[in-house]
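Protein chains in written order, with the UniProt record's numbering: chain B, 1 to 262; chain P, 1 to 262.
Since the hints were made in silico from the structure, they are not lab data.
There's no promise every hint is true.
With a straight-line Cα cutoff of 30 Å, these simulated DSS-like cross-link-like pairs (lysine-lysine) come out [as the list claims (entries may be wrong)]:
| no. | chain 1 | residue 1 | chain 2 | residue 2 |
| --- | --- | --- | --- | --- |
| 1 | B | K228 | P | K200 |
| 2 | B | K113 | P | K211 |
| 3 | P | K211 | P | K200 |
| 4 | P | K231 | B | K228 |
| 5 | P | K250 | B | K137 |
| 6 | B | K105 | B | K250 |
| 7 | B | K231 | P | K129 |
| 8 | B | K228 | P | K207 |
| 9 | P | K137 | P | K194 |
| 10 | P | K250 | B | K211 |
| 11 | B | K200 | P | K228 |
| 12 | P | K137 | B | K105 |
| 13 | P | K172 | B | K221 |
| 14 | P | K221 | B | K207 |
| 15 | P | K207 | B | K105 |
| 16 | B | K221 | P | K200 |
| 17 | P | K228 | B | K137 |
| 18 | P | K207 | B | K221 |
| 19 | B | K207 | P | K231 |
| 20 | B | K211 | P | K172 |
| 21 | B | K231 | P | K105 |
| 22 | B | K207 | P | K211 |
| 23 | B | K228 | P | K228 |
| 24 | P | K105 | B | K221 |
| 25 | B | K231 | P | K187 |
| 26 | P | K231 | B | K211 |
| 27 | B | K200 | P | K207 |
| 28 | B | K194 | P | K221 |
| 29 | B | K200 | P | K231 |
From the structure, some residues in chain P lie toward chain B, with a derived Cβ separation under 10 Å [stated by the list, open to error]:
| no. | residue |
| --- | --- |
| 30 | I73 |
| 31 | I184 |
| 32 | R185 |
Glycine residues also receive a C-beta, built at the ideal position from the N, C-alpha and C atoms.
Chain by chain, the residues:
Number of protein chains: 2
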Amino acid sequence: MERVVESDSGSGESDVVLSLDSIRESLIRQEDTIVFSFIERAKFPLNSPAFEDSRCLHSGNSSSLTEFFVREIEIIQAKVGRYENPEENPFFLDNIPPSVFPTRKYPPALHPKALSVNINQRIWDIYFKELLPLFVKPGDDGNYVSTAASDLACLQALSRRIHYGKFVAEVKFRDAPQDYEPAIRAKDTEALMKLLTFEKVEEMVKKRVQKKAETFGQDVKCISGDDKSYKVDPLIVSRIYGEWLIPLTKLVEVEYLLRRLD
Amino acid sequence: MERVVESDSGSGESDVVLSLDSIRESLIRQEDTIVFSFIERAKFPLNSPAFEDSRCLHSGNSSSLTEFFVREIEIIQAKVGRYENPEENPFFLDNIPPSVFPTRKYPPALHPKALSVNINQRIWDIYFKELLPLFVKPGDDGNYVSTAASDLACLQALSRRIHYGKFVAEVKFRDAPQDYEPAIRAKDTEALMKLLTFEKVEEMVKKRVQKKAETFGQDVKCISGDDKSYKVDPLIVSRIYGEWLIPLTKLVEVEYLLRRLD
């Protein structure tokens with residue numbers, strides 16, 4: 001489900017067929033991952049010293065615990081080949097270390113310029129400054145290590161979803177290049193945004209993630225009770241999708257399309 | 001919820017009060033984490049080359065991709081202080097590197113010998129040989145990096161749950177030392193196992209995790225349909241608890257109690 005549908009064109013070359021169905025299926029499945037990661041993060045309060053303070057003792061740089069953790073984990077993940085997958089975009093790696101394992105070959109599905117579309121710095125800032133305070137309790141319980149691990153899971157799930165816009169844009173472009181080419185050549189981001197916007201679909205996504213947060217964030221008991229409390233507010237999840245995730249995904253789509261004819 | 005309840009005894013020393021309620025609450029919350037991690041892992045087929053083959057190119061040792069990944073990640077996690085938390089037990093770290101950040105002080109809740117109870121090697125073997133084939137599809141889709149990351153999440157969730165037996169044993173011992181001491185002194189593991197077994201509670205746990213797998217693993221749609229398919233078979237999750245997780249937790253409880261009077 002996380003993969004792009006591949007087919008052999010019969011010409012001997014392995015051609016990549018992106019279908020809107022397979023992309024939609026992946027995006028729907030990624031909603032579960034995002035909701036799970038929010039629920040897991042909500043076990044802990046904000047714990048802002050983990051990502052605000054520079055409390056590093058020996059590492060020589062002045063990053064927060066969370067930034068140190070994410071940087072180091074990304075290096076390990078790069079070593080096993082994570083960033084050869086066009087669905088994954090690093091937060092900090094300017095120089096991605098090579099994989100120490102034989103890596104999988106991903107048949108090219110995107111325009112080569114896709115690599116230069118990476119809005120993770122923005123996702124990082126939005127996540128810590130705007131999203132996190134919406135769905136976790138304020139406070140500090142000292143559980144910085146677990147918090148950093150949970151934040152990493154959220155950040156990577158959000159980043160994957162948002163950068164999946166590259167695949168969405170590619171398949172939409174391939175379906176109707178004549179619609180997109182004039183706007184791309186004119187660098188008309190507003191026209192592109194209009195072409196990429198389907199309000200009914202967006203409303204459906206927002207409703208579905210609300211229902212997922214209700215379903216996955218309830219207290220499951222053997223004997224059903226009437227108390228409906230959720231580990232993460234379903235309306236907040238819907239709002240995060242509507243105000244941030246969907247617009248940021250479309251931003252990635254536009255950024256990708258602007259490079260599509262290079 | 002992940003923390004041990006602490007209270008100030010008023011004597012100036014911070015005393016740790018373990019309550020069976022807080023431990024039960026944590027174990028129940030950990031069920032969600034375990035079910036989430038299984039559902040996320042089930043996105044991928046078995047992908048056995050990730051954890052069976054030794055395909056490492058440059059690292060000089062002959063570990064599988066998954067083992068390499070877990071070892072390296074544990075080093076980073078140790079550096080931010082993960083293993084100073086008595087709830088966390090490493091899989092591979094014989095020499096845990098010191099934290100590079102000021103670490104949280106965990107007031108001692110367990111007997112110092114708790115550190116020597118670590119059955120992660122066994123958990124690792126059982127997970128890959130017995131559990132994983134039960135809840136993922138057979139096959140190989142090449143997604144080894146995502147698979148290794150999902151396996152790590154499952155392994156750490158299982159390890160935390162099973163080693164939480166130390167806290168369970170400690171609170172049970174404190175509640176009725178007179179019941180446990182004779183069996184501990186006699187090293188009578190059978191008698192200890194009997195004292196620690198409550199079949200009704202175990203049945204309730206198995207039913208609850210089944211319901212959690214049904215709830216969290218369903219396809220949530222905006223329009224309700226009749227199709228009930230689950231991402232992970234709820235009966236399998238119940239069986240994994242009954243045949244492995246609960247017995248292994250009790251094994252940890254016994255191992256801990258055997259050292260409790262040292």
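Are there hints from earlier that the structure breaks, and if so, what are their numbers? Of the numbered hints given earlier, those the structure breaks are 2, 5, 7, 9, 10, 15, 17, 20, 24, 25, 27, 31, 32, listed in rising order.
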